[in-house]
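My request is simple: use the sequences and hints to build the entire structure.
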Amino acid sequence: MQFDAIVIGGSHGSFDVLMNLFASLPRSDMPPIFVVIHIPRDSTQDFVTHFNTRCGCRMVEIEDKQVPEGDRVYLAPGGYHALLERDRRLSLSSDEPVNHAQPSIDVLFESAAVAYGNRLLAVLLTGASSDGAAGMARIDALGGTTIVQDPTTARSPVMPKAALALIRPDHLVAPDVLADTIRDLVSGAQPRGMMHGDG
Amino acid sequence: MIDPDVLKIETDLVVTALHQRYGLDFRQYSRASLERRLQGLVEKLALDHVTDLIPRLLHEPGFVDRMVNGIAVNVTEPFRDPECFAAIREHVFPVLRTYPYFKIWHAGCASGEEVYSMAIMLREAGLLDRAQIYATDINTDALARARDGIYTSEAIARGEKNYLAAGGTGQLADYVLQQYGSARFANSLRDNMVFSQHNVVSDEVFGEMVLVLCRNVLIYFERDLQNRVVDLFHRSLAHRGFVALGAKESMTHLASGSDFECLDRHARLYRAV
Ligand SMILES: C[S@@+](CC[C@H](N)C(=O)[O-])C[C@H]1O[C@@H](n2cnc3c(N)ncnc32)[C@H](O)[C@@H]1O
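Chains as they are written, first to last, in the working numbering: chain A, 89 to 287; chain B, 89 to 361.
Accuracy of the hints is not assured; some may be wrong.
Unchecked claim - Label pairs and their in silico Cβ distance ranges:
| # | chain 1 | residue 1 | chain 2 | residue 2 | range |
| --- | --- | --- | --- | --- | --- |
| 1 | B | Asp100 | A | Asp117 | 34 to 40 Å |
| 2 | A | Glu157 | B | Arg323 | 51 to 57 Å |
| 3 | A | Thr141 | B | Asp100 | 42 to 48 Å |
| 4 | B | Arg323 | A | Arg129 | 43 to 49 Å |
| 5 | B | Glu349 | A | Thr240 | 17 to 23 Å |
Note that these hints are calculated values from the structure, not bench results. C-beta: ideal position from N, C-alpha, C; glycine also.
Below is the structure:
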């Protein structure tokens, strides 16, 4: 496996993208996937149930000090920030919102960048805020691989555009090729997703 | 952008300075969040490096309080996670009724919303007169705000929904005096409240509690420290006393949790066995 973890962030419009993604990703030989979407407090379990029943994925809500396992999807709970520690455990915090968001994509991404370095694959999707851009920059700087949703395919282009203002992502993709791109990258095959720059 | 290895060393050095000079032990705080807080503090103070905090910490009187107040996060609200209060009403209040006098401890009370929320519930159950309420925190700014009991009118208005969900029978607004956009909790609620600084990491038991609330504090600690703090609570409880944790905290993975039974999994309410 090329990666020890995948992080995914998204906001407005990302729910449908994630539904398709989790329905199509392989069920085995996958690293743990950590997801931050801007969900309200007390709705986390509803989202988890929804994804699991509709996509057949193995999603759980992130718990404090949890040790992540492969082939599972971890969703950050509404009303808390989720972070990865250097020993690759998860932790939660009840800090102030960051970029008006709680959970914040930046908080997860910046900590994951440190925990996983170049063994991290990061995906930033559609959204109406700039949350996640700083996190993508940190991941990029620490050697992780970055995928940004092509803003022209995004219901809200603000989030991918904010990231593109800071980094040249390794891959710029439309939602319909996202699952293939991730699968290929994880397995080490040459990804079929549209490449960006000299990638 | 700062190199993570350097940041780790810098954080270790600051933690060492806090510990060796002031006995403040942040060694077992969860690092990812602690590093974020320190970086935030550095930004706020317009410093260059995390280690720039060290000379000020060692040589500038009073700076240590500013630092602790900057590290310790005190986000809270009235009747936060109302199911916790509802569960306390259901499971703990019947036991409180059997005592002529009892003690409750809010460990990590932050700016105190939780303390006034509890007092309101006790008042509505006719139990407040029998209560001695201890509210503690390491953050002196937060404690000062807790003692004042003054919040924005919006915070109180936002709390109404939670208050009802907790089983409140009136209105939160009934308990505050509105004054120029702010709201102050009535003096009659605070007669039996004592606010003081207490560090759950290093300070000892100080009374026999029937109920300890410690919510959204343990998530900032590593497992070993969570274990030790839960043990502290166990030692500070009266026979068959209760502990309420935050919505995302649990005793499930803690050795010291074997001293407790879980009364309400969702509300994170525990009772000493
Ligand atoms: C997120 S707030 C929780 C406030 C409230 N209990 C709630 O749940 O809404 C966490 C509080 O824990 C306090 N705290 C952190 N470390 C502490 C320690 N070692 N001893 C006592 N309080 C501590 C912080 O200062 C902060 O006020």
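Would you pick out the hints that fail for this structure and give their numbers low to high? Violated hints: 2, 4, 5; rest satisfied.
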